[in-house]
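K.L.:
Chains A and B, in that order, give the protein sequences. Okay, so the first sequence: first residue is 680 according to this note's numbering, each after it adds one. Okay, so the second sequence: first residue is 14 according to this note's numbering, each after it adds one.
Read the hints as simulated data drawn from the structure, not as lab findings. Ideal Cβ positions, reconstructed from N, Cα and C, are used throughout, including at glycine. Be aware that a few hints might be false.
Stated by the list, open to error - Beta-carbon label-pair distances, calculated as ranges:
{"no.": "1", "chain 1": "A", "residue 1": "S706", "chain 2": "B", "residue 2": "K82", "range": "35 to 41 Å"}
{"no.": "2", "chain 1": "A", "residue 1": "T699", "chain 2": "B", "residue 2": "G54", "range": "22 to 28 Å"}
{"no.": "3", "chain 1": "B", "residue 1": "Q95", "chain 2": "A", "residue 2": "K736", "range": "38 to 44 Å"}
{"no.": "4", "chain 1": "A", "residue 1": "R790", "chain 2": "B", "residue 2": "G35", "range": "26 to 32 Å"}
{"no.": "5", "chain 1": "B", "residue 1": "L26", "chain 2": "A", "residue 2": "N697", "range": "41 to 47 Å"}
{"no.": "6", "chain 1": "A", "residue 1": "L734", "chain 2": "B", "residue 2": "H22", "range": "29 to 35 Å"}
{"no.": "7", "chain 1": "B", "residue 1": "K82", "chain 2": "A", "residue 2": "L734", "range": "24 to 30 Å"}
{"no.": "8", "chain 1": "A", "residue 1": "I691", "chain 2": "B", "residue 2": "H22", "range": "25 to 31 Å"}
{"no.": "9", "chain 1": "A", "residue 1": "K693", "chain 2": "B", "residue 2": "E77", "range": "43 to 49 Å"}
{"no.": "10", "chain 1": "B", "residue 1": "Q58", "chain 2": "A", "residue 2": "E735", "range": "21 to 27 Å"}
{"no.": "11", "chain 1": "B", "residue 1": "T43", "chain 2": "A", "residue 2": "D779", "range": "14 to 20 Å"}
{"no.": "12", "chain 1": "A", "residue 1": "R738", "chain 2": "B", "residue 2": "G54", "range": "47 to 53 Å"}
{"no.": "13", "chain 1": "A", "residue 1": "S745", "chain 2": "B", "residue 2": "H23", "range": "18 to 24 Å"}
Unchecked claim - No more than 30 Å apart at the CA atoms, straight line, and that leaves these computed lysine-lysine pairs for DSS-like:
{"no.": "14", "chain 1": "A", "residue 1": "K690", "chain 2": "B", "residue 2": "K113"}
{"no.": "15", "chain 1": "B", "residue 1": "K113", "chain 2": "B", "residue 2": "K82"}
{"no.": "16", "chain 1": "B", "residue 1": "K113", "chain 2": "A", "residue 2": "K736"}
{"no.": "17", "chain 1": "B", "residue 1": "K82", "chain 2": "B", "residue 2": "K71"}
{"no.": "18", "chain 1": "B", "residue 1": "K62", "chain 2": "B", "residue 2": "K113"}
{"no.": "19", "chain 1": "A", "residue 1": "K690", "chain 2": "A", "residue 2": "K736"}
{"no.": "20", "chain 1": "A", "residue 1": "K736", "chain 2": "B", "residue 2": "K62"}
{"no.": "21", "chain 1": "A", "residue 1": "K750", "chain 2": "A", "residue 2": "K690"}
{"no.": "22", "chain 1": "B", "residue 1": "K84", "chain 2": "B", "residue 2": "K113"}
{"no.": "23", "chain 1": "B", "residue 1": "K71", "chain 2": "B", "residue 2": "K84"}
{"no.": "24", "chain 1": "B", "residue 1": "K113", "chain 2": "A", "residue 2": "K750"}
{"no.": "25", "chain 1": "B", "residue 1": "K74", "chain 2": "B", "residue 2": "K84"}
Chain by chain, the residues:
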Amino acid sequence: DTGVSQDPRHKITKRGQNVTFRCDPISEHNRLYWYRQTLGQGPEFLTYFQNEAQLEKSRLLSDRFSAERPKGSFSTLEIQRTEQGDSAMYLCASSHYLLDQETQYFGPGTRLLVL
Amino acid sequence: AQSVSQHNHHVILSEAASLELGCNYSYGGTVNLFWYVQYPGQHLQLLLKYFSGDPLVKGIKGFEAEFIKSKFSFNLRKPSVQWSDTAEYFCAVRGSSASKIIFGSGTRLSIRP
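Bound-form chain B, shown alone (with noise of 0.2 Å):
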């Protein structure tokens, strides 16, 4: 079954700590990747993508993902989070010759100012 895993539902951190979040797909093909972020009293809008390519995409923020074809993954990185990264963030997949795209549920970041 296609489906996108996030293992970390809630994260806290302090201000300029290293943030990790992952996000394990499965799906047979080739894919699309997405990380939506969610911002409190606002709309899902897109971090970053991959499609092809270099496997370490840079996405808006500062913020980073690194798809690992052979494990399946495409977790989401930044070195130095800040109070303003408080949301939630949504990993989602896509067949490269599909239209829908699948979400994980979500994992919400609080940081600590």
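One chain only, chain A, in its complex shape (with noise of 0.2 Å):
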């Protein structure tokens, strides 16, 4: 399968523990994308890369998150200090800068229980 991957799954951890989440994009995408999508509501965005530089971080990127994409390739989403608001599904999505229009592919997401 060539298409965006996560890992991992699912991920069930106690309040105040640290989380991290890892996204493979398709592999000649240059940009990658982190969403979180809550129960009824459609994705939000988070952040994004280009390459291993990060360009936009939403205001809803507390600073307990932290995101890097340290060789341009795969990323990692770091939740410092969980919270039962953290609880959700994480998405990521890959695009390429100048094909296809930038159309972002997504992934199959992470999904976060805090408990």
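Relying on the hints, combine the two individually framed chains into one complex.
P.N.:
Right, here's the structure in full:
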């Protein structure tokens, strides 16, 4: 499968713990996006990278959240000191800046439950 | 504020019925418009997109959408739905010079066999 992949698919953690999610984009894509989706809502933008540079962050992204894309390929999203309100589906998407009208393709998501 | 409004939260239809899902957006400037679909247990998939040109765009599985600029609308249509169209449908907008996509809250479509 050459689509966007995310790991883990599910994560249950206790409040106050740190969690890290990984996203592997489509191989030739140079842009990578993180979104968050809560029940009954559409995805909300968190941040995106072009290659290894983080170009935009949403105001939704508190200082407990950090994302990296160190080599311009896979990305990690870390949440420190998790809170129950962090429970959501975390989606990753990728696109190519110059191709396919920069259409974003989504991965299966990581569902986080904070107890 | 930039936003997308989907008027119907849950639509229930019988097979072979016609479908129209409403979508209105609020965004200054030139936009790109999308419909994504999420089938049960699957990830978001692109159904169709509008960037420019003919405001009537055709997507996969017999879906189409019409961009009406004066109404800030991008409604999704299908003349005859199938049970396999049961899914959640998301309308989305992106500024033509922006990267992030703004999604609506989604419409759940249930098809009675």
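K.L.:
A range of 41 to 47 Å was offered for this pair. Does it hold for the Cβ distance of L26(B) and N697(A)?
P.N.:
holds (45 Å)
K.L.:
When you take the CB atoms of R790(A) and G35(B), is the distance between them in 26 to 32 Å?
P.N.:
Since R790(A) and G35(B) have Cβ atoms about 29 Å apart, the given range 26 to 32 Å holds.
K.L.:
Evaluate the given range 29 to 35 Å for the C-beta pair formed by L734(A) and H22(B).
P.N.:
holds (33 Å)
K.L.:
With respect to the beta-carbon atoms only, verify the hint that I691(A) and H22(B) lie 25 to 31 Å apart.
P.N.:
holds (28 Å)
K.L.:
Does the Cβ-Cβ separation between R738(A) and G54(B) fall within 47 to 53 Å?
P.N.:
violated (32 Å)
K.L.:
K113(B) and K750(A) were given as a pair; does the straight-line alpha-carbon distance stay at or below 30 Å?
P.N.:
holds (22 Å)
K.L.:
Given a hinted range of 21 to 27 Å, is it respected by the beta-carbon distance of Q58(B) and E735(A)?
P.N.:
holds (24 Å)
K.L.:
Is K690(A) close enough to K736(A), meaning Cα to Cα at most 30 Å?
P.N.:
With Cα atoms ~24 Å apart, K690(A) and K736(A) stay inside 30 Å; holds.
K.L.:
Take the C-alpha atoms of K82(B) and K71(B), compute the straight-line distance between them, and say whether it is at most 30 Å.
P.N.:
Answer holds: K82(B) to K71(B) is near 17 Å, not above 30 Å.
K.L.:
For the pair K693(A) and E77(B), does the Cβ-Cβ distance stay inside 43 to 49 Å?
P.N.:
holds (47 Å)
K.L.:
Going straight from one Cα to the other, do K736(A) and K62(B) come out at no more than 30 Å?
P.N.:
holds (25 Å)
K.L.:
Quickly compare the C-alpha distance for K62(B) and K113(B) to 30 Å and report which way the hint goes.
P.N.:
Given that 30 Å is the threshold and the Cα spacing comes to 15 Å, the pair holds.
Violation of the numbered hints given earlier is confined to hints 12, 13; the remaining hints are satisfied by the structure.
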